[in-house]
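Chemist: Got chain W sorted already, so can you dock chain B onto it with the hints?
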Amino acid sequence: MAKKLGLKERYALMTRGLDWEPSYQPLDKLFPYDSYEGIVIKDWDAWADPFRLTMDAYWKYQAEKERKLYAILDAFQQNNGQLNLSDARYLSAVKLWLQGVTPLEYAAHRGFAHAGRAFRGAGARIACQMQSIDELRHAQTQLHAFSHYNKFFSGFHNFAHMRDRAWYLSIPKSFFEDAMTAGPFEFVTSISFAFEYVLTNLLFMPFVSGAAYNGDMATTTFGFSAQSDESRHMTLGLEVVKFMLEQHEDNVPIVQAWLDKWFWRGYRLLGLVGTMMDYMLPKKVMSWQEAWGIYWEENGVALFHDLARYGIRLPKHHEVAAKEKNRLTHEMWTVLYQYGNALGLHTWVPNDEELDWMSEKYGELFTSMYRPRLLHLRELEQRGERFFNNRLPMVCQVCQIPVFYTEPDDPHVQCVRIVEAAGTKHHCCSDGCADIFNREPMKYVQALIPPQQIYRGEAGGARDIFEYGAWLHLERDVDTGEYRGSPDQRHWQAWQQQHKATPADAA
Amino acid sequence: MSVKHLGPAYEYPSANREEAYGGDINFYIRWERHLMFACPAAYRAPVAMPLSEFLEHMLKPDYAAHPDAARLDFSRCVWKLDRAPWQPDFARSIADNGIGHMSYIEFASPGLDGLHGHGY
Chain W
-17 MAKKLGLKER
-7 YALMTRGLDW
3 EPSYQPLDKL
13 FPYDSYEGIV
23 IKDWDAWADP
33 FRLTMDAYWK
43 YQAEKERKLY
53 AILDAFQQNN
63 GQLNLSDARY
73 LSAVKLWLQG
83 VTPLEYAAHR
93 GFAHAGRAFR
103 GAGARIACQM
113 QSIDELRHAQ
123 TQLHAFSHYN
133 KFFSGFHNFA
143 HMRDRAWYLS
153 IPKSFFEDAM
163 TAGPFEFVTS
173 ISFAFEYVLT
183 NLLFMPFVSG
193 AAYNGDMATT
203 TFGFSAQSDE
213 SRHMTLGLEV
223 VKFMLEQHED
233 NVPIVQAWLD
243 KWFWRGYRLL
253 GLVGTMMDYM
263 LPKKVMSWQE
273 AWGIYWEENG
283 VALFHDLARY
293 GIRLPKHHEV
303 AAKEKNRLTH
313 EMWTVLYQYG
323 NALGLHTWVP
333 NDEELDWMSE
343 KYGELFTSMY
353 RPRLLHLREL
363 EQRGERFFNN
373 RLPMVCQVCQ
383 IPVFYTEPDD
393 PHVQCVRIVE
403 AAGTKHHCCS
413 DGCADIFNRE
423 PMKYVQALIP
433 PQQIYRGEAG
443 GARDIFEYGA
453 WLHLERDVDT
463 GEYRGSPDQR
473 HWQAWQQQHK
483 ATPADAA
Chain B
10 MSVKHLGPAY
20 EYPSANREEA
30 YGGDINFYIR
40 WERHLMFACP
50 AAYRAPVAMP
60 LSEFLEHMLK
70 PDYAAHPDAA
80 RLDFSRCVWK
90 LDRAPWQPDF
100 ARSIADNGIG
110 HMSYIEFASP
120 GLDGLHGHGY
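Chains W and B supply the protein sequences, listed in that same order. Counting in the numbering used here, the first sequence runs from -17 upward without gaps. Counting in the numbering used here, the second sequence runs from 10 upward without gaps.
Warning: the hint list may mix true and false statements.
Stated by the list, open to error - Computed, partial: chain W to chain B, Cβ under 10 Å:
id	residue
1	Met199
2	Tyr319
3	Pro375
4	Gln379
5	Gln396
6	Pro423
Hints in this document: simulated from the structure, not taken from any laboratory. Treat the numbers as computed from the prediction; the structure is a model and nothing was measured. Note that CB positions come from ideal geometry on N, CA and C, so glycine has one too.
Here chain W stands alone, though its shape is the one from the complex (with noise of 0.2 Å):
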């Protein structure tokens, strides 16, 4: 080696120079899985690494982030810095993240890793390898960032443990394990491009701006010190697609199946995202209808114009998601409260600037069709008949979120698929899940459904909605149903009681 290396020499010699050619084994049988589902890889090496780090650079930014992290993470905690949120509402947000969204970047942790494995192109393997890492590290530094709230409030003590059995944490777990059990080309474009570089905006944008909004400096920290990996992860979307559209043309059509089939399970995954800006955010960052208009009709649009020239097309049922846009997050929130007795964060109706709020960004549907259900339901709460619905719900075969969406074009009327396969009927909740069901029925049939699970005896014995809860380690009306009356409520006041009446802050 020479005494110094150029950066350029320094990179071949450190990334794919650490790879070899097999002597007393065929690659085939070497790397068996990336060839089985039908991608056609002529030539590796045309592979652009998106990374353009060594591992050892990669560890010296990485830890660099880390240390002014948890710095500032210090700082929340000695400063008690959950007493400047906007309001404790705001921490249904943080829960639904730490339960639902947490455990995903440790599943891409552990996807990046298999995905790592598999591939036998030096570049890609390496790509995955520092995703996986940086996946592992935005999940421990969220527990870290969110660990503070368990030492207040309610509902953030079981995610682990919910996580394999909560209802609404199905939809996310099932997303992830639907790419999981692909093979590595398809969980790349799932998860590297069609979540990461498509949608990516639409959860971190909401939920880390939301966070910056609502005086949550611990999750805006943890938000920039993640933004740089996000990019990265965003090129390799980009960079992995593009690889398997200019190695052949036979990839064309499974790439466009992919992507249609991923961009309608994450559309339908963001639903609750798009509740928690709406809704759980007590300072509203900008409505979904306006963010999906941003960061899907505008970018995501014109991202797929540019990959037209491959023969491309806009993913299967966008339009219908147009037409979701102004009811989705209203709908999704009356199902969130009315299953309240099984929900690890609270709910409530929204108060009546609030309501103008939605009224404003959501006009006359909203005025006229969604506000009058949120003041019956107010006028029950006042009347102290707080409405739950305790009768478990039909839920869809394939994204798991209970059957609530309305048809297309009308929203009068639950929107219900039925799909057959293995000689038993299954339900879906859209033309986008049923197809998705309809390639591949032989996966889904397997799927576990919650509500299907306690009928049959498989939820520890639970027979109705209190001892599912119960299963799920939820303390009820502690951990679950309405936020007005709650303890997260009663200690909020209490504290910024007292918070107000210090000599330090009345000087």
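Modeler: Coordinates of chain B only, in the frame set by chain W:
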């Protein structure tokens, strides 16, 4: 289409197959134009249970929070079973009415059209 896979075959039984219910079945019902209850409801019931007993003692109490529930008269409702028009015989059993595992029942209650004039 089928799942692309490595290894010999990719065939699995449905996790929710009827045999897992010990003689009962799992089925679903939607009361049209009553979106206060956001989703079709899921039930497990014995197939020998008379339909009237199921409707009066299992289904009806679930909707007690809706003002229309007290006036609900099943004999005046319009029914569909698995999307086809259907005339149930309330005195007979769930099985004798043709309701099977994973069946989907829809009923409309003319005159009871939910709240606020938009089927809530």
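Chemist: Evaluate each hint against the coordinates.
Modeler: Checked hints:
1. Met199: violated (36 Å)
2. Tyr319: holds (9 Å)
3. Pro375: OK, holds: W:Pro375 within 10 Å of chain B, min 4 Å.
4. Gln379: holds (9 Å)
5. Gln396: holds (6 Å)
6. Pro423: holds (8 Å)
In this structure, the one hint that does not hold is number 1.
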